[in-house]
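Asker: The primary structure of each chain is shown beneath.
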Amino acid sequence: MAGSRRRKGPDIAQVAGGGLLDRRALLGSGVAFAGAAAAASVASAATAAAEPLAVDPWSLTPGAPIPPYSNPSKFEAKVAHLIAPGNGIGTGQARTPHHLLDGILTPNGVHFVVARAGAPDIDPDKHRLLIHGMVKQPLTFSLNDLMRYPMETHVRFVECGGNSAPMWSKEPVQASVQGLHGLLSCSEWTGIRVSTILEEAGVDPRATWVIAEGADGVTMNRSIPMGKMMDDAMIVFYQNGERIMPWNGYPMRLLLPGYEGNMNVKWLRRLKLTDAPVMAINESRQYTLLMDDGKAWRFYYPQEVKSFITRPSPTMQMPSPGYYEISGIAWSGHGRIAKVEVSADGGKSWAVAALQGPVLPKALTRFRMPWNWSGTPAVVMSRATDEAGNVQPTRAKLIAERGEPRNTPNVNAFPMGHVNQICSWSVAANGAVTHVYV
Amino acid sequence: MSTSNAFTMAGLDPATQPPRVRAANNIPLPLRERAARPHLRLSKCALARRVRGEFFFAAFALSVLGATTASAADAPKFGKPITEADAASWDISIGPDGKGLPAGSGTPAQGKAIYAQKCAACHGATGEGSASGPRLFGGIGTLKAPAQPVQTVGSYWPYPTMVFDFVRRAMPWDKPKSLSNDEVYASVAYVFQLNGLMKDGDVLNKDTLMKIQMPNRDGFINLYPNKF
Chain F
-8 MAGSRRRKGP DIAQVAGGGL LDRRALLGSG VAFAGAAAAA SVASAATAAA EPLAVDPWSL
52 TPGAPIPPYS NPSKFEAKVA HLIAPGNGIG TGQARTPHHL LDGILTPNGV HFVVARAGAP
112 DIDPDKHRLL IHGMVKQPLT FSLNDLMRYP METHVRFVEC GGNSAPMWSK EPVQASVQGL
172 HGLLSCSEWT GIRVSTILEE AGVDPRATWV IAEGADGVTM NRSIPMGKMM DDAMIVFYQN
232 GERIMPWNGY PMRLLLPGYE GNMNVKWLRR LKLTDAPVMA INESRQYTLL MDDGKAWRFY
292 YPQEVKSFIT RPSPTMQMPS PGYYEISGIA WSGHGRIAKV EVSADGGKSW AVAALQGPVL
352 PKALTRFRMP WNWSGTPAVV MSRATDEAGN VQPTRAKLIA ERGEPRNTPN VNAFPMGHVN
412 QICSWSVAAN GAVTHVYV
Chain R
15 MSTSNAFTMA GLDPATQPPR VRAANNIPLP LRERAARPHL RLSKCALARR VRGEFFFAAF
75 ALSVLGATTA SAADAPKFGK PITEADAASW DISIGPDGKG LPAGSGTPAQ GKAIYAQKCA
135 ACHGATGEGS ASGPRLFGGI GTLKAPAQPV QTVGSYWPYP TMVFDFVRRA MPWDKPKSLS
195 NDEVYASVAY VFQLNGLMKD GDVLNKDTLM KIQMPNRDGF INLYPNKF
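Going line by line, the protein sequences match chains F and R.
Start counting the first sequence at -8; every next residue gets the next number (the working numbering).
Start counting the second sequence at 15; every next residue gets the next number (the working numbering).
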């Protein structure tokens, strides 16, 4: 609302420039809410009801019968994949609508997908896992065999190595956070440790790599360091309590917590132990990072510490000045999120956001920051720090490391991998939210 | 978390449990619960009632270690042995050392005919690419800024084995693994010819493939294991 009245909360609740409020506002503290109430009165006065309440039609009839498997309300149809078609049927990317979600878990139907040849229609009774190469005894396992081993459940993010690629651009790409950061999801995964079955096959001590391969048409493969396989790698069967979705690897996928998504091989059919990486197309062509000098980085495994604000975020419209909760997600492939700082004045001042527990390692962490928007132009940013001490870098820092972006790409392009720069969302006086560089 | 499964590893977080300490985590959960609340066990044990303080905990720790050993000995084993020969149809990975390259051969001319029939629909009549498939040649000299990089087999792929491996496992897109090894060698030979890496009359087989010098073979920096 351009030129609308400006209301400020009491000074006691301000913790940084641009109207950021004390985190206690989130806890229902009377002091902090005094500021929020003053701002909220602007909106409530404008929308005061002038008519008596009507009895709504859905209160006058029985509702829909219970289906065998439920779907969200038809009013939530916008909570859907954003699909960027690829080169052929069944190829392309489907992005997660983070601007429409809250909490840390991604509903299975909108988990991100990067597809190379569609989802194979795997019969779980016929699927097999082969372990061979540098082992004492090559082994095969049926799905039922594997599901008899000790199971574990962990909440872990999976993020494409190319997520946030459109941030690598000369000019800020205008898109929602679904377009900019949607190749990222977080689920509760249940399965078994890879180390358990590798040990059963008998690992040759000279084996240093494991080639993991899927059963899909393109039979995608990646080389995984043995250290990761024996550390926290899992073969998972369940995603948020139900069997993994076909697009996410049914009936089973590799889960390498914190590592580049492509390495978490879907439809896993084979683990071959070797003493060298196989240099598959997806590790020596795709998922490489071309630098200014013409050399390319490869084997960039951990997803570095990153965060972005989901509300408010680009393509949104702030309805009026007043109290809002800035909310977003932070994560790191190196462990837990230790701290998220938020700025509402383009990085001049920062305040520490509240982390919504539980704060889990290699999982999305929700952060929240109360904000009294004055109605004047603002730039909101978030900066995450992980428990290993890694701090989300500025755009300038990434550019100093890798060189200037060479163009302003299409939102679906992948000019650079492993981009984790701080993101800045501008809120104009009229409430429009756009992507800016500061 | 409760369990009736003696094999359950107590639900510990793998991100915080490096392999070297995992033996201790193999303790079945009921024993771990008793370790945390020893009085549950003690009240039923006349001998232990007389044991106090640290001595008790040391004795209990020993009994837990014993349980761990027994648990490991009884570890479930459900894998079914198979020979490498019986696994050969799945063993299609070919690394830069060329190990696993099959017998067979093909020439660029043979490959051109196969290409026209099975590849051109996506990659264009002569490998120039289309909306359905990437360009297969050119772009040499475009990798350094400020050029707009054109990353093709010729300008970017570092190993000739990658090309054979990928075509054999994944192409043609609508019918992967349908080409014979001769057809794979031939179509790969045609792609190499498009990139000036083979001439008419050259034959591609498992020996000549290893002699192909990819222009960007030294173009990569491995971040693992040095960076991580």
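Wrong hints could be hidden among the right ones.
Claimed, not checked - Here are the simulated lysine-lysine pairs, DSS-like style, with alpha carbons at most 25 Å apart: (1) K161/F with K286/F; (2) K117/F with K191/R; (3) K117/F with K158/R; (4) K241/R with K117/F; (5) K191/R with K127/F; (6) K220/R with K286/F; (7) K286/F with K388/F; (8) K286/F with K339/F; (9) K132/R with K241/R; (10) K91/R with K330/F; (11) K191/R with K113/R; (12) K158/R with K388/F; (13) K117/F with K94/R.
Said to hold, decoys possible - Chain R regions said to be covered by chain F (calculated; three or more residues, Cβ under 8 Å): (14) 114 to 122; (15) 181 to 187; (16) 197 to 209; (17) 214 to 222; (18) 225 to 235.
Hints were generated in silico from the structure; no laboratory data involved.
Fair warning: this is a prediction, and the values are worked out from it, not measured in the lab.
Every residue, glycine too, gets a C-beta built ideally from N, C-alpha and C.
Asker: Within the stretch 114 to 122 of chain R, is the number of residues with a Cβ closer than 8 Å to a Cβ of chain F three or more?
Answerer: violated (count 0)
Asker: Within 25 Å, alpha carbon to alpha carbon, are K117/F and K191/R?
Answerer: Status holds; Cα separation ~20 Å.
Asker: Does the structure keep K220/R and K286/F at a Cα separation of 25 Å or less?
Answerer: Violated, at roughly 29 Å.
Asker: If you draw a straight line from the CA of K241/R to the CA of K117/F, is it 25 Å or shorter?
Answerer: Not OK: K241/R and K117/F at ~40 Å, beyond 25 Å, violated.
Asker: K91/R and K330/F were given as a pair; does the straight-line alpha-carbon distance stay at or below 25 Å?
Answerer: Between K91/R and K330/F the Cα gap is close to 43 Å, so the pair fails against 25 Å, i.e. violated.
Asker: Quick check: do three or more residues in the stretch 214 to 222 of chain R have a beta carbon closer than 8 Å to a beta carbon of chain F?
Answerer: n = 0 at 8 Å, threshold three: violated.
Asker: Is K191/R within 25 Å of K113/R, Cα to Cα?
Answerer: Holds, at about 19 Å.
Asker: Holds or violated: are the alpha carbons of K286/F and K388/F at most 25 Å from each other?
Answerer: Given that 25 Å is the threshold and the Cα spacing comes to 19 Å, the pair holds.
Asker: If you draw a straight line from the CA of K161/F to the CA of K286/F, is it 25 Å or shorter?
Answerer: holds, 20 Å
Asker: Against chain F, does the stretch 197 to 209 of chain R show at least 3 residues with beta-carbon separation below 8 Å?
Answerer: violated (count 0)
Asker: Taking 25 Å as the top limit, are the C-alpha atoms of K158/R and K388/F close enough?
Answerer: holds, 20 Å
Asker: Does the alpha-carbon distance linking K286/F and K339/F stay inside the 25 Å limit?
Answerer: violated, 36 Å
Hints 3, 4, 5, 6, 8, 9, 10, 14, 16 and 17, counting from the list given before, are not met by this structure.
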